[in-house]
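Student: Chain by chain, the residues run as shown.
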Amino acid sequence: MTGPRPAARRRRPFGEVPGLGTLAAGFLVFLYAPIAVLVAYSFNAGSIVMVWTGFSTDWYARAFANADIRQAAFNSLVVAVTATAIATVVATLAALVLARGGRFRGSEAVLGLISLPLMVPEIVTAVAVLVFFSGIGLNLGLGNVVIAHVTFCIPFAFMPIRARLDGMDTTLEQAAQDLYASEWATFRLVTLPLLMPGVLAGAMLSFVISMDDFIITMMVAGAGDTTLPVYIYSMIRHGITPEVNAVSSILLLVSIVLVTLYWFMTRTGPGTARR
Amino acid sequence: MTTAGAGAARPRAGAGGAGPAAVALRDVAKTYGRGAHAVEALRGVSFEIRDNEFFTLLGPSGCGKTTLLRAIAGFEQASAGAILLFGADIVDVPAHRRPVNTVFQHYALFPHMTVAANVAFGLRRLRRPEGEIARQVAAMLALVKMEALADRLPGQLSGGQKQRVALARALAPAPKVLLLDEPLSALDLKLRQAMRQELKQIQATTGITFIFVTHDQEEALSMSDRIAVMSEGRVQQIGPPAEIYEHPANRFVAGFVGDANFIPATVVGEEGGRVRCRTPAGLVLAAGAAPSPPGGRGTVLFVRPEKVGLVPAGQGTVEGRVRGLQYLGDAVLIEIDIGEALPLVASERMARLGQAARRPGDRLGVVLDPAALQLLAG
Chain A
1 MTGPRPAARR
11 RRPFGEVPGL
21 GTLAAGFLVF
31 LYAPIAVLVA
41 YSFNAGSIVM
51 VWTGFSTDWY
61 ARAFANADIR
71 QAAFNSLVVA
81 VTATAIATVV
91 ATLAALVLAR
101 GGRFRGSEAV
111 LGLISLPLMV
121 PEIVTAVAVL
131 VFFSGIGLNL
141 GLGNVVIAHV
151 TFCIPFAFMP
161 IRARLDGMDT
171 TLEQAAQDLY
181 ASEWATFRLV
191 TLPLLMPGVL
201 AGAMLSFVIS
211 MDDFIITMMV
221 AGAGDTTLPV
231 YIYSMIRHGI
241 TPEVNAVSSI
251 LLLVSIVLVT
261 LYWFMTRTGP
271 GTARR
Chain B
1001 MTTAGAGAAR
1011 PRAGAGGAGP
1021 AAVALRDVAK
1031 TYGRGAHAVE
1041 ALRGVSFEIR
1051 DNEFFTLLGP
1061 SGCGKTTLLR
1071 AIAGFEQASA
1081 GAILLFGADI
1091 VDVPAHRRPV
1101 NTVFQHYALF
1111 PHMTVAANVA
1121 FGLRRLRRPE
1131 GEIARQVAAM
1141 LALVKMEALA
1151 DRLPGQLSGG
1161 QKQRVALARA
1171 LAPAPKVLLL
1181 DEPLSALDLK
1191 LRQAMRQELK
1201 QIQATTGITF
1211 IFVTHDQEEA
1221 LSMSDRIAVM
1231 SEGRVQQIGP
1241 PAEIYEHPAN
1251 RFVAGFVGDA
1261 NFIPATVVGE
1271 EGGRVRCRTP
1281 AGLVLAAGAA
1291 PSPPGGRGTV
1301 LFVRPEKVGL
1311 VPAGQGTVEG
1321 RVRGLQYLGD
1331 AVLIEIDIGE
1341 ALPLVASERM
1351 ARLGQAARRP
1361 GDRLGVVLDP
1371 AALQLLAG
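Same order as they appear, the protein sequences are chains A and B.
When we follow this note's numbering, the leftmost residue of the first sequence carries the number 1, and every step to the right adds one.
When we follow this note's numbering, the leftmost residue of the second sequence carries the number 1001, and every step to the right adds one.
Chain B extracted, bound-state conformation (with noise of 0.2 Å):
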């Protein structure tokens, strides 16, 4: 491990890189309470994190990402399955074992102890020399950009700097993988978007693997290197950002990683790495499909609203009537009535649209590119 805040990142893993992971996920399944109570938080997930990624699981509330993190920390026992820390089974080490450190939710700063002893903490238990503590500590701190507070007591600190502290307690003794637990959940919109980068930044410095949970989309596609979405207790997918967002594997993952349009449909037949589908309405379109083979739910066309084009009247793919319009700011979002049983949403950024303002009633063209459409299981 190199020391942290010696700026010696190390070049990025590659794919397939050398080494075992960093975390090993196999079959890790978690139930709480037994029999008709029963509840299966984590059904058997596996997956495999790599060394100095920055990783986001990412889900709603209630998915198992949050029991996972902590079973990876140790403060819950998976029911089955193993987890490999680096190639080493972990299960039975108790999490004060553990090289591993967790940035909690609300910081869980020790209210009696300054924020130098806070960051010290980990160190002083490992039993460190003084002046390596002393060092570090006076490390860490610069990193988050809290030295001058380092006398101060948690509660005389403000939430964005608690939340620098906790950070800098968990990576002072430099751990093989951090866990952050929804760390920036509990900062205002503009203190958490400057976070995003700050912390994207000390994973590139320190090199340290980030297992980051989130619920929040935007924050899991702006800073991480490979996302796994969850949802009850399964992982629904895992890759880049933009793989997520523009190839999602199923209708959970498009729907839950930013804004969607489903239509149903049933596929009619194929062309050219295309497929032909038609939906309740009539519409017949051409269509990607999902990298994994849609299941037997039914199926559903997906495009993303600002993939929706918009063109005059009679040169679209379809013919539509503009519903209704909400104005957001830099975008505006046009329901748009194709026929189908919902309306079709599509976004126009506000700079592109000039004086042509959009008015309910608007007779428009709407072209859907095969490229933009997916085939998604229902």
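Chain A with its partners taken away, still in its complex shape (with noise of 0.2 Å):
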């Protein structure tokens, strides 16, 4: 061997930028640290918060028996699933017409339309749909909070299929063309099965924002219509007891899930490998 030792060579980069290491972890401990301490203490057999007095899975119970908590959680599930299948049909026909319905005036527009609302502050988008509610007298309960989740949640589930569509080859739906199939045939069993590990992340990451959302519920949700955030957070200014951090930490552990889902199945899944 003649050149620098490989390890060695792969060490240095790290330490050239002095205090690189030192801000690393600060970022590390600032960011996850509180989640940390957050689960922990979920696990806390006392009811005060920062004390530790020994390990318990109480919290978890009263939870689960808390009625309000469980109404919250199942609307907040009504409103995710829903939100999300809405959603996610209409960023799949949205992604299909710009990427397969060919040029047409106006398509850079769309484009821009359908993306503005993850520019736009949260709490504009928030404010702008309460007023517009109550402007136009809308008054569904539940329905508010799914329309509004619905709008905010279309761009997230619009990307990753848009992405999946334009990578996939016209050829194989120009084939299943060849060998008889519909324009619904080749949609079916072509474009749909290929395009779907972009379907399902879309949705995952739809659902995933749509049950961490709080500004826009908070402004939208009448009085029975609480979700878990909202909850949670309506928990907090009663005094923080470990029963929020066991509820949150339920929360974390389903968002966690379904990112990591969505991590595996934009990298890996069945018609990856074409040609």
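Simulated from the structure, these hints should not be mistaken for lab results.
Note that the structure is predicted; figures quoted are calculated from it, not measured.
If a hint is listed, it holds; no wrong ones were tucked in.
Per the computed footprint, the stretches of chain A lying under chain B, defined by three or more beta-carbons under 8 Å from a beta-carbon of chain B, are:
| hint | region |
| --- | --- |
| 1 | 160-174 |
| 2 | 181-187 |
| 3 | 190-198 |
Quick partial rundown of chain B residues pointing at chain A, CB under 10 Å, derived from the structure:
| hint | residue |
| --- | --- |
| 4 | A1095 |
| 5 | P1099 |
| 6 | V1100 |
| 7 | L1109 |
| 8 | H1112 |
| 9 | A1166 |
| 10 | R1169 |
| 11 | A1170 |
| 12 | A1172 |
For each residue, glycine too, the CB sits at the ideal point set by N, CA and C.
Once you've looked at the hints, go ahead and assemble the two chains, each given alone in its own frame, into the complex.
Tutor: What follows is the structure, given as structure tokens:
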């Protein structure tokens, strides 16, 4: 071996910027330590948040026994599932039109419109939706929340679907048509199965976004339509108990599971290897 | 239509055979874009492809051959003209209702379906009974020797295997015409040569009309019953391989199909079916004229390198001096200065060469047989 040893070479860049290691450590501590503490104290036996008295899963039992929490969790699920379903269908159709429908006047503008909600500050959307709903006198209870969630979930569902479609070879669709498949059969048998990883990724992303949303839901939700994040916020106002930690931990777990699935789905999947 | 794979080869369609042409093209044109940016991919293409024929569209990239194939398949809408399939106009028939199938350049196998499901796809869409589908899929996989891999996914196959599956899939519905879009271009040389013979064989066995698109002249010459040479959206010549090679209609065909020497020349007289031509350097040579009358852009004399005869100095039609040699293994290309602007290239088989290796500077006689020389439009 004549050159520098690979191991030594690989280690060097890390130390080249002075203080980068410290900075990175600080970042990790400030980002993840509170979350770790939150999860740890959800298993605290005592009722004072930051005083560890022993291990217990009582607070989880308490949380599950709490009818209000169950109702809020149920609302969250209903909203997330419905909004995700609608947003994913709309996003899939939009992506199909933009990626397969040929160029049409204003297609660039449409793409911009779909992505715009990602750029608009959430509080602006929240206030606007609230004012709009009360302005037209729309009062569908949880339905209002669902509509609001659909609007901001669409761009999140759209992105992975569009990316998947752009990477897909159009000759596969031509091959299907060449083999006597009508447009609908081509979509059902070739386009959709190959697009599925993108659709599932989009659905999961929008489900997580919907489950976690606070600001818009806070504004739009009526008295009986509280979702889990909004309920957690109201619990905190009455003082933090480990019950809050337990509920938050469950929410965190659901998000992590879904994001992990999303990560795997966008990386591997049938049809990734083409040609 | 006979069922494919039954070995029921019908008699080859003779010239002017009975029944309508498999495919008839009438003034087919295709223009992309509009106004100043318009690109004419096809400019009034008209010809007929006979039933049970191995027909090749040959030309450089951008000549319109793939556009023409896609227009027959239904993936492109012709801007003008008519496309007739066994006498029926199919211009307004959507791709999925045309009884033609395509072998795509990069195979386009459905990655989420097994080999067997890929081959069965067309038959399922045609709502054939399951028993018939199973039999036909088995027959097709046997035809391309892929029975053992029926349950694999396309991702687990090699390029050559994918090629075979793509062929089986396109043949399974027993199309009236099979379109092949440069199907061998992604394979390596040895495999490509083996597949040529196999494709030819399959065409003969099934009796299906093959329309094969390629830019490879060797492929076209070795497989086709007839070849249409295309350039700039037009058909330059149609004919059997030997005719295309031996008697090219114009300079483009001569230069694209095989190697060629071109010597600018003007006609100075005629005698007994031959024309007498004079080159810029003052050589007067007798030559046959091209089938079509030479056009106005000047004329050239054309001769294939292997038809240039080499004899000892003083015995040839023309005297020359060796300028350079190019060793090709089985043959050697010899550049000979005969006083013209460009040297003449002759090719000599190595077997015949023996010990008498030529060297740059050697003097030799060049025989330009009037039968091998042709006058072409420039």
